[in-house]
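Number of protein chains: 2
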Amino acid sequence: EIAAVLLPGSGGGLQGVQVLMTVGPTREAIDPVRFIGNRSSGKMGYALAAALQQRGAQVTAVAGPTSIAPGPGLAPIAVESALEMEAEVMERVTDCQMFIAAAAVADYRPETSASAKIKKDADSIGLRLVRNPDILARVAALDKPPFTVGFAAETDQVEVHARAKLEAKRLSMIAANQVGSGEGGFESDRNALICLWREGRRELPMMPKPALAAALAALIEERYGAQIAG
Amino acid sequence: EIAAVLLPGSGGGLQGVQVLMTVGPTREAIDPVRFIGNRSSGKMGYALAAALQQRGAQVTAVAGPTSIAPGPGLAPIAVESALEMEAEVMERVTDCQMFIAAAAVADYRPETSASAKIKKDADSIGLRLVRNPDILARVAALDKPPFTVGFAAETDQVEVHARAKLEAKRLSMIAANQVGSGEGGFESDRNALICLWREGRRELPMMPKPALAAALAALIEERYGAQIAG
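In order, the protein sequences belong to chains A and B. So for the first sequence, our numbering puts the first residue at 100; every next one is plus one. So for the second sequence, our numbering puts the first residue at 100; every next one is plus one.
One thing to keep in mind: the hints can contain errors.
Given that identical chains are not distinguished, each listed pair holds provided it fits within a single copy or across any two copies.
[Stated by the list, open to error] Lysine to aspartate or glutamate pairs mimicking EDC-like chemistry, simulated, CA-CA at most 16 Å apart:
no. : residue 1 : residue 2
1   : 264       : 233
2   : 268       : 220
3   : 264       : 220
4   : 268       : 242
5   : 268       : 302
6   : 243       : 179
7   : 243       : 288
8   : 264       : 130
9   : 308       : 288
Calculated from the structure, these hints are not laboratory results.
All chains should be modelled from the sequences, with the hints used to inform the complete structure.
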């Protein structure tokens, strides 16, 4: 095969690999007008999709509402809520060798979504939120899970929280970044990541998201290759 | 004066009029990552700003986070939350002859905003929301209020709710549309409006937002002129 003769790191090492990704935020409706959202822009997800495609991967993306355009080679499946994202992912994931959960899926959704706009009569209102499904954990817990990559956006103790998540969900790899303070993160054009897997770690320093996505794609290819070889 | 010799409806009738507008949604932080948002795109607000500028108005916009670009002649003051929007508006409104509240300001914000990301340990959580200030009502209640135009996005009984809002807040005019069903509304490129003032009403039928904005600007100029004359 052509892929087999490529030198390590020269690209193309994901030739023919089916990758399913989630990208962007989800929106959880409170009523027809209001929703709970989050600050994921989809920039990093789409940049990673492009970098994986450059390495030969066949990428399918399930994307929440983003204001940025996907790369030219990607036609995302558009969803809004976590439940919609879960349904699209579970329908497709068994055909894939790799699952990358780059979306910032809302952890909670309103228990009930009002069909008419809530009137603002009260001085204060209580909103009951219930847990959304954990799509990444559900994929990683499949009988024959794909190579699973998760992300962690943490405000403190980044590596501690991220390694706990890696182990609790039995992920193949996790990429963690710090949000809410200083440079980088959801709406920035730059970011830095600490990437963890069971036996190791690698820091990718602060850089523009396209460059960071390329570095992360190279590391994903490396770790995927190591798992296949192992 | 030049403005005085223009024929009615020929444009330029808002020459020299200082207009303050709010545009887009607001975001109310739950924690550094999550927020309560709404589906306002800012399209209608920016289109209206451009249409008013074409009629000679000097437009200042205070804008929440939108993914669309303002027109070339507009440099919006960027804000995120309702409280930020209120502060910027109250600082500027006394210099203006007209205030147009095109933003979809969040009615409620979380009572407390967590400084670190909330951990998702619980199966369900209660979120206490408190009322945001009503910027439009506050402006309309000033000793010498400007000509105030509000918007109403309603899911049912549109005209009833809109007229109640017009009267309760003592607005000069209100433009109401139906959301959550069928064509038009926040994220659509088309919309229809029912415009109400104390003595009258006018329906602007479903059309592309730029055309609708031009029709609304013409009506605003007409009603503003009638108020000045009266």
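Right, here's what the structure says about each hint:
With identical chains, the CA atoms of residue 264 and residue 233 are at most 16 Å apart within one copy only, with a shortest distance of 12 Å there and 42 Å across copies. Taking CA atoms no more than 16 Å apart as the test, residue 268 paired with residue 220 passes between copies only; the shortest distance there is 14 Å, against 43 Å inside one copy. Taking the shortest alpha-carbon separations for residue 264 and residue 220, only the inter-copy value of 13 Å comes in at or below 16 Å, while the best intra-copy value is 41 Å. Within a single copy, residue 268 and residue 242 get their C-alpha atoms as close as 14 Å, which meets the 16 Å cut-off; across copies the closest is 61 Å, which misses it.
For a Cα distance limit of 16 Å, the shortest separation of residue 268 from residue 302 qualifies neither inside one copy, at 21 Å, nor across copies, at 56 Å. In this assembly of identical chains, the alpha carbons of residue 243 and residue 179 never lie at most 16 Å apart, being 28 Å within a copy and 44 Å across copies at closest. When the C-alpha separation of residue 243 and residue 288 is checked against a cutoff of 16 Å, the pair qualifies neither within a copy, at 36 Å, nor between copies, at 45 Å. With identical chains, the CA atoms of residue 264 and residue 130 are never at most 16 Å apart, being 32 Å at best within one copy and 20 Å at best between copies.
Proximity of residue 308 to residue 288 under the C-alpha cut-off of 16 Å is restricted to the intra-copy arrangement: shortest distance 6 Å within a copy versus 31 Å between copies.
When held up to the earlier numbered hints, the structure conflicts with 5, 6, 7 and 8 and fits the remainder.
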